[in-house]
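Peer 1: Now for the letters of each chain:
There are 4 protein chains.
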Amino acid sequence: MAKKFKYSAGLWCLGGCADRFVPLGYLDRAYGIKELIDIAASIKGIEGIELISSQLAGVRPKTFKRWVNEKGLQITGILADTFGDRKFKLGSITHSNKKLRKEAVDVCKQTIEMAELMDCPSITLWLGSDGFDYTFQINYVRHLETLVESIKEIAKFNPKIRICLEYKLKEPRMYLTVGNAAKALYLALQCGENVGVTLDFGHALMSREKPGESVALLKRHGRLFNIHFNDAYGEWDDDLIVGSVHIAESLEFLYYLDVTEYEGWLGLDIYPYREDALTAATLCIKNLNRLVAMLNRIDYQELKRAQGTLDAMSTQEILSKVIFGK
Amino acid sequence: MAKKFKYSAGLWCLGGCADRFVPLGYLDRAYGIKELIDIAASIKGIEGIELISSQLAGVRPKTFKRWVNEKGLQITGILADTFGDRKFKLGSITHSNKKLRKEAVDVCKQTIEMAELMDCPSITLWLGSDGFDYTFQINYVRHLETLVESIKEIAKFNPKIRICLEYKLKEPRMYLTVGNAAKALYLALQCGENVGVTLDFGHALMSREKPGESVALLKRHGRLFNIHFNDAYGEWDDDLIVGSVHIAESLEFLYYLDVTEYEGWLGLDIYPYREDALTAATLCIKNLNRLVAMLNRIDYQELKRAQGTLDAMSTQEILSKVIFGK
Amino acid sequence: MAKKFKYSAGLWCLGGCADRFVPLGYLDRAYGIKELIDIAASIKGIEGIELISSQLAGVRPKTFKRWVNEKGLQITGILADTFGDRKFKLGSITHSNKKLRKEAVDVCKQTIEMAELMDCPSITLWLGSDGFDYTFQINYVRHLETLVESIKEIAKFNPKIRICLEYKLKEPRMYLTVGNAAKALYLALQCGENVGVTLDFGHALMSREKPGESVALLKRHGRLFNIHFNDAYGEWDDDLIVGSVHIAESLEFLYYLDVTEYEGWLGLDIYPYREDALTAATLCIKNLNRLVAMLNRIDYQELKRAQGTLDAMSTQEILSKVIFGK
Amino acid sequence: MAKKFKYSAGLWCLGGCADRFVPLGYLDRAYGIKELIDIAASIKGIEGIELISSQLAGVRPKTFKRWVNEKGLQITGILADTFGDRKFKLGSITHSNKKLRKEAVDVCKQTIEMAELMDCPSITLWLGSDGFDYTFQINYVRHLETLVESIKEIAKFNPKIRICLEYKLKEPRMYLTVGNAAKALYLALQCGENVGVTLDFGHALMSREKPGESVALLKRHGRLFNIHFNDAYGEWDDDLIVGSVHIAESLEFLYYLDVTEYEGWLGLDIYPYREDALTAATLCIKNLNRLVAMLNRIDYQELKRAQGTLDAMSTQEILSKVIFGK
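Residue numbers (the numbering used here), protein chains in the order written: chain F, 1 to 326; chain D, 1 to 326; chain X, 1 to 326; chain V, 1 to 326.
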């Protein structure tokens, strides 16, 4: 039975990247939202797109949906933009200032409304501002309570839309509160049936997880709702080309998505600072297909028997043959 | 109100350490268990001891308790030795081999019996063998189920004894399953009322946590049962002298133990490979007392107001004064 | 003998910071160059400023020098901007394209001319674009040769101006070629008498060095020309407040600057993304002065005797008393 | 032209491993030196062995050489054991105690004598005790001078034998002085024509290097004398099976060994704590051969052209095809 996954692309990946040293970005010009859809549509193998809520500024959700659908694509997820506005620099849905906290919660609710209008099954809360930079900076007790309360409020707003917590250890804050798979799962279990997790492959590595193990953990409770795929060296959110660093881990990740019967999307979340975005995304899809071809070469029963011995040499023999080709 | 903590010492710290290059250890001779108690008793400020279950081999628990009590000390914790016997090298309570798994669970139950006989409130499960080294080595789905089942079984064996999961990212396995505070909390919440966590300061750092934040998280559910104190550079379980590296983090850790009203012990867990153990442990207690003196210099109300602003400069001004003395 | 260091501030720290998620920056408006000088002048204890060559765009060097001097400050260093222009995104003085490489070398030469016109003793080459992101991306053999050739050419351009290589492990490239103290020293020894090193405290930590040991290494050949001070958690260039994380390491760093008779400047290089820059820089200077006060409490002879034993407990006893106050 | 490398195995890998939790080791019995030679000889593809000088205790070098040669193997390197004797716990050739320092230097000289008697071209100084654990512990200035003096003395003892500095960031000390490729190269250039480097693949990763780049750096001066091969996750000296984690980096490493015309040995240095050593070493050689087969699929001219563009997508396209098979 040939494995098959559905691929999506984050629109934020496709129009040039900036960093603190080149804040105007590595491309000579900015791309409009329709251009980004065009680029996504031209990536062979891509069937959906994700976006950040603020990318929709000035465009009616229904209009945007039509643009996307006309290109044969679906909208697979929306990130609530609680991180890109400098007013949230010290916190969004955990802010100690009630007014700012409410504004951040409202951003999330509006994103849920967008999602419903655009037949998008889920929104992602990547809480990039919610954490701290220095020891003693915040009151962790209050912070955790506020976080739980806010997520509950957002989750209740529309139980039909799934709320995906995207965990990440750090950046831009030195420490982000929703920092690893278990913490995201813990919060999901606390906050509501429609709360789950967006697992970003590179984030899992940064949290020193084996991404495949995180799949198993999250699927144990049916809370793995969305995937962001990329690669990274492991200490930072490098957002590199899929399969460029962690081949065995990528393969294992796909394996666990398969055996736990994940039915969601694999969304590209790369940052090709110095590369052509279309070329980079295309190579990601090629590498994904190559990894799936490898996956098809694994004899699952043989692998499970080898895993049953707990002896690494048994599984490594199988893996080496699959990866190196014989 | 002057803060006060109770200090204990792990007997395993006091009699010489080995590593893979000097497996016979850095001391010329091994110490007997009574000598270790004597050393512990001679550390000024120490009121309790922890031990590893296998250190009791050949000694009746009641006898051991009498030895300890005669020195004016209490037994504050026992680590179930599921990691020091080479038969468990591929797993203990998660082993796929039912017989070995049962033997490991039995070690834990026997440790619970010891604890009851010695009026020790808790045992610690530091599952140093339960994890994996290589990608694809184990079946994570089965592994997680077995882990939960085993902990439940152990927890039910005697509900009066607390079971403390001591999380650690890695070592000796490349990946340990109970790898961070949130995962330990998640498992505790799954496995029983008497299941909680032993938080090791250096392990928290290795899992890229702020230890004080982990206190707040675990105390949110009353599941912080025991503490292992030491210091570390953050990438490995260095088991260094308390206060030798992370002064601000150590202070914040004590602060959260205080404000969340932790009533358990602070147990020293250091590995003075190249140092005199008594000198090292004595310096740890001195530094702990110095940290507590710092803690007493913090105006909690002023700190909380500063934390309420979320502005790091407000809290750093306070912290700098407390640490640097004015 | 009371120790005394000279403090400078990087102008790039004082006018707001951007990152990839908030590329327009965390401040509502940009600051002009004269405003930045005013801010620097208002930081108590600052006697000099550093700048990035491109910050001088449109201003005559002599005019800029007058502005700075009128505020009672000196110009202590200039970073050649070979990293902020997107045309250098794949390399500057190591570029395989000869024309681009020449343009980058010319930027460095123009920076040397500026330095001479402004009585500034040195320029810094922080080669943030020269490295690679992916395995196999560049030809290391060619790359190293070109790097050495370019540095030699720049060094020869004006032997009176010192060329400081500022090493950094990574960011913005995943790997920077001039990545640690020993590599910078090796290149300096290869490239000319007037080539040395700018040691950034946080960069040394990121390269897993003890900054004090790097001082000793670089001073062994008289090649420590400039310092950038800040603090960091150790895995990334966090550019935090001086003394906020690594107190013992900061103290040791100052100790080695003192005993090796460093006569250059300590330049602040922080990135207060979410903080008020003036407040942040002021706190850095306060903490530096507090660290110097600690340094004055060390009995150097006693310390050296303790170091002579190689026993960590001897030196830790001294250090603990110095840091904790008794 | 098919690439060909010569493989050796460290005898210390083949007879069971210990760690601090299981100091008696993971095997039920110790192996004698002749058994270890037998195991090495039974690994298909192995043509040489390396040993630690103390493994020769009680055996005459000529006798040992005969045993090895009788099995069709050569002796490719000897590690001077300056780390396994507890008397050197605070330092070996850098010790501040002149008597101990002399004893350590004598160990190295005796190792050189062994090498000459056994027709072994080089000895390796892996200075696992020479460094420090705590801030302020040692006097870096004195330490560096003593290190250079000792290496010079050792190098002069017999200019026909090559002295290989094996760098490593840490372990067993928290910080080792010879900590990265550039520092080892710097020391080699300071200390004599016959001083070079043993590059351990996992050590290079731990020092956050791309191993292939380190090859290029060391070969720039002809100072790459020996290789230790294994794999690792990058934060610790995991000593895993070759090719089990870093496939692209391993391939690039071999590529640079090839293009810089490295003529020495590739020595296995793995620690199969929980695995059968013979199986593990055999799999390493299989994976090495598979990597060499991949290397033979690279069109070097095409790759160099792609590298000339500096564009990662050009090289990644080539690499992906080579690794994934089409």
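Calculated from the structure, these hints are not laboratory results. Hints are supplied without guarantee of correctness; some may be wrong.
Heads up, the list lumps identical chains together, so a pair's fine if it works in one copy or across two of them.
As the list claims (entries may be wrong) - Pairs of lysine to any residue residues, derived as SDA-like cross-links and limited to a Cα-Cα distance of at most 25 Å, are as follows:
1. LYS34 <-> GLN110
2. LYS286 <-> SER320
3. LYS4 <-> VAL141
4. LYS4 <-> LYS321
Peer 1: Hint by hint, say whether it matches the structure.
Peer 2: For each hint, the structure was consulted:
no.: 1; hint: LYS34 <-> GLN110; result: within (21 Å within a copy, 42 Å between copies)
no.: 2; hint: LYS286 <-> SER320; result: both (21 Å within a copy, 9 Å between copies)
no.: 3; hint: LYS4 <-> VAL141; result: between (44 Å within a copy, 21 Å between copies)
no.: 4; hint: LYS4 <-> LYS321; result: both (22 Å within a copy, 21 Å between copies)
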